[in-house]
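> Sequence:
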Amino acid sequence: MPTNTVLNKLTGKRKRYEEQTQHSQVQTCSPEQSAHKRLRTDERSFCSVVHNSDKKESHAPTDLLPHDCLCFRRLSYDLILHILDFVSFKCNYFAMNFDTVVDVHHQYLNSASIQQQLGTDPTLSSQPSPQKKRNASELISHIYGYFRLDPFRKIFLLYRNMTLSFGKQYEEDNRLTDTRMKMFIPRHSIKSIDVSANNLGREFLEHISEAKSLVKLDLSANLDVTCDSVRAVASNHPQLQELSLNATSVGPKGICDVKNLRQLRRLRMSMLIGETLNQESIQALSSHPSLTHLQLYLNKISDVGASCLLSNARLKKLYLGFNGLTDVAFNHIQHHPNMSLNVLDLTHNAIGDVGAKMIARYMQGLGELHLSSSLVTDVGVNDLICLSDTIKFLDIHFSPALTAECLRNLSKNKTLQRLVVSKNLLGNQAAIYASQNNTLESLEMNECGIDDHGAMHLFQNVNFRVLELAKNMITDKSVKHIPVKKISSLQCLELSENIGITFVSCRHLAKHPSLTVLNLQNTSLKNGNAKYLFCNRNFTSLNLSGNQLTDKSLSTLLDNTTLVHLNLESNQISDEGACSIYTKNRQLRSLNLTDNDKLTWKSVKCAIATSSIISLTCSFRNAHGKKLCVEQCGRFIH
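Residue numbers for the sequence shown follow the numbering used here, so the first one is 81 and each next one is one higher.
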């Protein structure tokens, strides 16, 4: 597929700038300033200098992008390198007319930072910078001590922190190779490198061998990373504390070399390609002197290997999901109980009631347990609830064998704080059992077949801080019984996709004294319903996406001074309504207006000019009917 460059004509500020500079005195220009002068004269000459790898140019229609926006997509990495180096030049034109931003996975570097580091001045000056120029990648590492390449190749020059996204940017041909990476990664004082999903291998590891301050390295999804790569990492970076090797070709021999990373604390090795982990490699991981966090999803680990890890007293967090484990894996802990493990993830394994009972009895230090998509029945869940006095977070969602009786003894448990039983058809009786527990703070019962009878019992429990009941059969009948006059701990309520919610519920919830987060997505609300919610001065986050709201519903929102996060996706908001939000609601920090078909580029220009929003997501269609998405992270600079 041809590599395309989207370069908008820079008319407005460019013309004003050129008019000002026509009357200025002619000054001696450096080579960089000469290049910038050519850029100011004709954007096509810039394209011919930094053309794509296929030697072709592709210009967007004049109405595709707004003025004053320089955006590139699907670039070859030679061009990306050129752009990043271009930013590090003494670029007076960009310093005057743009808040230029380099997006390297949400690490932003604006023109002020560039000027501060490089000693540039926002006025035209022929005086050379007293400071040594660095290329942009070195500059980013110097400021943040962090460098990451987005696996979907979204690296842009941005105007005022705004990204124009044209869909999936990932291209197989644009993955970084060892040769390209040599030019990109600085080697001085860098502490963290994430180069996941590329084509990197031995040459890249040799290039970063001098990075003696490196403590975090992510090589995931690089098929050329093998056991030799692990040996090189262990030899060159013995100080490494965190290593990710997910979806690599590291075999059992490479895992054995991990033991040479004596300071390693966190290791992620999920979905390894090639040979499965043998007992020798598992033993090497289990005997590691400093490893405390181990992730081994999708590795076909045997019950014998898992039992070796489960009895490791040094591990604090162990993730063994999707490995086909059975209750046999817990036979060993009867003789070697593990009181140190705090987090255990056994998602999507064939763990049954015997395994659940072993966990409750012989892993008394466990605080968080994930047993979703397992074979545990009501008996096993009741054993966990009754026998363990340390588990604070239990996740058993999507476990088909469960019925309402699994929560029969929940009222007896005094330590459980968060319970997830979503996607189990437990019904109203399970809701009644859950409502009888006075220590539970967070309960998730989404898609559990609960109607108003069960919901009313849950709503009467004033100890819940978080209550999620999405995709059930709840209506106004039960919602209006939520106590609003007596003291309640409820702060977050999830009622999305309960189509029986109307203005009656909205009017009642608007009176709640402690509720701050409310989700009513896809509940068929109309304009009058939302007005009640916007009047509430306690709400800080509202999700009203997928309803039928128009600009009329925003009249009370404009006077709201407490709302911080607002989701109005898939409604009928127009440019006029969006602009009123930008100009009136100065406290908003996050706004989602995606899939409001009445929006045009006018609302985005209004956001650029007036908004204080830090995170903005919206979409619109241009004159050719093409849908464009705007994703902005970071405050607009005015």
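To be clear, the hints were calculated from the coordinates, so they are not data collected in a lab. There could be a bad hint or two in this list.
Said to hold, decoys possible - In silico BS3-like cross-links for lysine-lysine, where the CA-CA straight-line distance does not exceed 27 angstroms:
hint, residue 1, residue 2
1, Lys557, Lys611
2, Lys296, Lys397
3, Lys606, Lys492
Unchecked claim - Label pairs and their calculated CB-CB ranges:
hint, residue 1, residue 2, range
4, Asp639, Asn543, 49 to 55 angstroms
5, Lys707, Lys292, 46 to 52 angstroms
6, Arg346, Ser692, 46 to 52 angstroms
7, Gln343, Ile579, 33 to 39 angstroms
In this text, a Cβ means the ideal position worked out from N, Cα and C, and glycines have one as well.
> Hints first: check each against the structure and report whether it holds.
Verification of the supplied hints:
no. : hint                                : result
1   : Lys557 - Lys611                     : holds, 20 angstroms
2   : Lys296 - Lys397                     : holds, 18 angstroms
3   : Lys606 - Lys492                     : violated, 43 angstroms
4   : Asp639 - Asn543: 49 to 55 angstroms : violated, 33 angstroms
5   : Lys707 - Lys292: 46 to 52 angstroms : holds, 48 angstroms
6   : Arg346 - Ser692: 46 to 52 angstroms : violated, 37 angstroms
7   : Gln343 - Ile579: 33 to 39 angstroms : violated, 55 angstroms
This entry does not satisfy hints 3, 4, 6, 7, going by the numbered hints stated previously.
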